[in-house]
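Engineer: Those sequence lines, one after another, are chains A and B.
Under this note's numbering, the residues of the first sequence are numbered 142 to 395, in order.
Under this note's numbering, the residues of the second sequence are numbered 105 to 362, in order.
These are calculated hints, taken from the structure and not from any lab test.
In this text, all values refer to a predicted model and were calculated from it rather than measured experimentally.
Check each hint, because a few of them may be wrong.
[Claimed, not checked] With a Cα cut of at most 30 Å, we get these calculated DSSO-like pairs of lysine-lysine:
1) A:K271 to B:K140
2) A:K257 to A:K199
3) A:K257 to A:K357
4) A:K238 to B:K301
5) A:K383 to A:K199
[Stated by the list, open to error] Chain B stretches covered by chain A per the calculated footprint, using a threshold of three residues with CB under 8 Å from any CB of chain A:
6) 198 to 210
7) 320 to 332
[Stated by the list, open to error] With the C-beta cut set under 8 Å, the calculated list includes, among others, these residues of chain A facing chain B:
8) A200
9) A201
10) K295
11) S296
All C-beta atoms in this analysis are idealised placements derived from N, C-alpha and C, irrespective of residue type, glycine included.
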Amino acid sequence: MKKLALVAAASLLFGTAALAAPLKIGVAAEPYPPFTSPDASGNWVGWEIDLLSAVCKKAALECVITPTAWDGIIPALNAGQIDVIMSSMTINEEREKSIDFTDKYYNTPTAVMAAKGSGILPTPEGLNGKIIGVQVSTIQEAYVQAHFPDSELKSYQTSDESYQDLAAGRIDAVVADSIVVADFLKTEPGACCENVGNVADDPVILGRGVGFGLRKGDPLKETLNKAIADVRADGEYDAITKKYFTIDIYGPAN
Amino acid sequence: MRDFLNLRRVIMIAIAAALVTWCIYSLRWDWLANPKYQSMMLRGLWQTIWMLVVTMVIGFALAIPIGFVQAAGPRWLAWPARVFCSVIRGTPLLMQIWLLYYGIGSLFPSIPWIRDSAFWPILRQAWPYAVVALSLSVAGYEGEVLRGAFKSVPHGQLEAARAMGMPRFTIFRRIWLPQAVQRVLPTIGGETVLQLKSTPLISTITIMDIYDVAGRVRRDTLVVYEPLLLLAVTYMAITALIVLLFKWFESRFPSKVA
């Protein structure tokens, strides 16, 4: 107890010193390549890690990566074991009840994939009367139901099965996350097809992207928002993205 | 009435009523009110039932010649029929469905004349493959059963009919087939119940049957037990209907001769 009081007094006395303590960035301990994963020597690497160092440099913060189990990452933040969550956490209302979010730093758009030269466009008119494959119970399925009512919807148990049917020509298009689409197009069966573009955004269905998670009312929010905007503005964001992806993963502007 | 309400029955009914009441009051059923799920459930139920009826009818129609040639046909017909039954009975139905849909079905689009034909809009869908796979399955199992049934019709009756100068097809139609069918009727009832419980496999090739609907409700609402409980009750109700139907059917046929 005495010790605790001492620490409290010390932090009061040396308030500035306490502020300069490194910021603990909670990253889900489970690897999530290419965003966050430990390399062979245990160092965390990935797109999010690179972005993090860029953001921390911009905001003149000292950041330390603290691996935390994903299912306990919000309690860990609120208990003070970590100060920021950066772990591809999608901003949604349920989470906003317990934590704050910064602006999004990525939001992979939903893309439409079709056979090469099919003339299909990622619009309701461009997909009118076509058969669209999606993975069952995904945001993409909900999107197709809401926005492409004149297309026929075919729901697959796994996304691989929908690609197989697209490659075979049994369905006209697949609507899926653009990163997943890009991955498939790199494979051999993916040679059949091309990404014909992203669908129009619908934040209610597709979500508002991924942001840093913070304790409620933490003033860090402004600092980080400014830093995100800065790395976006000076091209560093795009430079990092190019190292990992062939597409722009920032998604539609806010 | 007294006979109906004996003590054991009363206790069973009380337990069932208590279980149902507990399920209604302590579990989550609000998703049932969602019109989206209501229409999905109706469509799924309809899909399951027509798939069951159509494949049983086609399968049984196929099983008659398959069983007959094994029992009384020439060897060059009996042998392929036997191989067919062995293959169908010896491999998992799920594998047969996938071989047809993702195997043969995905070869069709690469054949231009099929792709350009009038049948392509049907062939690119999933249900024809499900109908073929499930029908062949019934044909395989019932063909084997009918082989025995055709063999068990007393030879004397057939010889008598021939001695009376009855044409061969008439013998088949009026003496051989009816007795064989009557012998297998109880097993067809059982096969239909088994077939009902094979239909969920078609949900793996993008067909939305009642099983698939329950899965969607679970994934969308994160309600786990309730859709599955309702699904179980639904399958049991359909099974009860099938059993009643075949009971009535059997009572209409004259009792076993022999």
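Engineer: None of the hints should be skipped; say for each whether it holds.
Structural biologist: Hint-by-hint comparison with the structure:
For the proposed pair K271 (chain A) and K140 (chain B), the alpha carbon gap of about 22 Å is at most 30 Å, so the pair holds. Taking the CA atoms of K257 (chain A) and K199 (chain A), the gap is about 42 Å. The hint is violated against a cut of 30 Å. With a C-alpha separation of about 48 Å, the suggested pair K257 (chain A) and K357 (chain A) falls outside the 30 Å cut-off, and the hint is violated. Simply put, K238 (chain A) and K301 (chain B) have alpha-carbon atoms about 44 Å apart, too far for the 30 Å limit, and the pair is violated.
Of the supplied pair hints, the one linking K383 (chain A) and K199 (chain A) holds, its CA atoms being roughly 20 Å apart against a limit of 30 Å. Coverage of the region 198 to 210 of chain B by chain A holds. Counting CB-CB distances below 8 Å, 3 residues qualify, and the rule asks for three or more. Under a criterion of three residues with beta carbons nearer than 8 Å to beta carbons of chain A, the stated coverage of the region 320 to 332 of chain B is upheld, 3 such residues being counted. Given the 8 Å rule on beta carbons, the hint for A200 (chain A) is violated: about 37 Å separates it from the nearest Cβ of chain B.
Taken as an interface hint, A201 (chain A) does not check out: its beta carbon lies about 42 Å from the nearest beta carbon of chain B, beyond 8 Å. For K295 (chain A), the interface hint holds, since its Cβ comes within 8 Å of a Cβ in chain B; the closest pair sits about 5 Å apart. About 6 Å separates the beta-carbon of S296 (chain A) from the nearest beta-carbon of chain B, less than 8 Å, and the hint is met.
Hint violations for this structure: numbers 2, 3, 4, 8, 9, all remaining hints satisfied.
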